[in-house]
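Under mature numbering (1 follows the signal peptide of the UniProt record, and there is no 0), read the sequence shown as residues -24 to -1, 1 to 147, first letter to last.
What the hints contain is simulated information worked out from the structure, not anything from laboratory work.
Keep in mind that the hints are not guaranteed to be accurate.
[Unchecked claim] Okay, the calculated beta carbon distance ranges per label pair:
#1 D25 - S123: 32 to 42 Å
#2 V131 - E43: 18 to 28 Å
#3 G71 - G24: 13 to 23 Å
All residues carry an ideal CB built from backbone N, CA and C; glycine is no exception.
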Amino acid sequence: MSCFNLPKLVLASLFLIAPLRLYAAELAAPEGEVILVISGDIGVTNVGDTAQFDRDMLEQLGVVTIETTTIWTEGLQTFTGVPLAQLMDVVQARGKTLSATAINDYAVDIPAENWGETWPIVSFLHNDEPMSIRDKGPLWIVYPYDSNPDFQTEVIYSRSIWQLDRIIVKD
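Make the full structure from the sequences, and use the hints.
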């Protein structure tokens, strides 16, 4: 690559990255049913001091599919959702701990060092179907349990919260 092409490459990269930053800085209000509310130490909000998401908004953030077994289901399962790290980038989370809470008020803390670039995901599809409240939905934090023994611990299982409906960014 010649040195004359380098500025074009940098400029092209900026055009690819800029829409993500623009989206994060101008998070639209949800149009559908709100299924996730993020609050606390965040830099981007869309309803008061919270960032609220409907399913379409989550899908637009870019999704990942994980195929894994779980201790709660039979056989290989497919989960599709947004990487937790991506979601935290969009709301410009500044804290080091997330308090994830379910519809029934079950809550668990998830430290920042406990998520990678693509895991866990905030899953909104289970085996290609939306999850009802009865089936652990509408959102479930899922790790790729089969990919590493480190994901097969009681601590990780306890952080795999289903019926997730809110996250508070702390610390």
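Cross-check of the supplied hints:
no., hint, verdict
1, D25 - S123: 32 to 42 Å, "holds (36 Å)"
2, V131 - E43: 18 to 28 Å, "holds (22 Å)"
3, G71 - G24: 13 to 23 Å, "holds (18 Å)"
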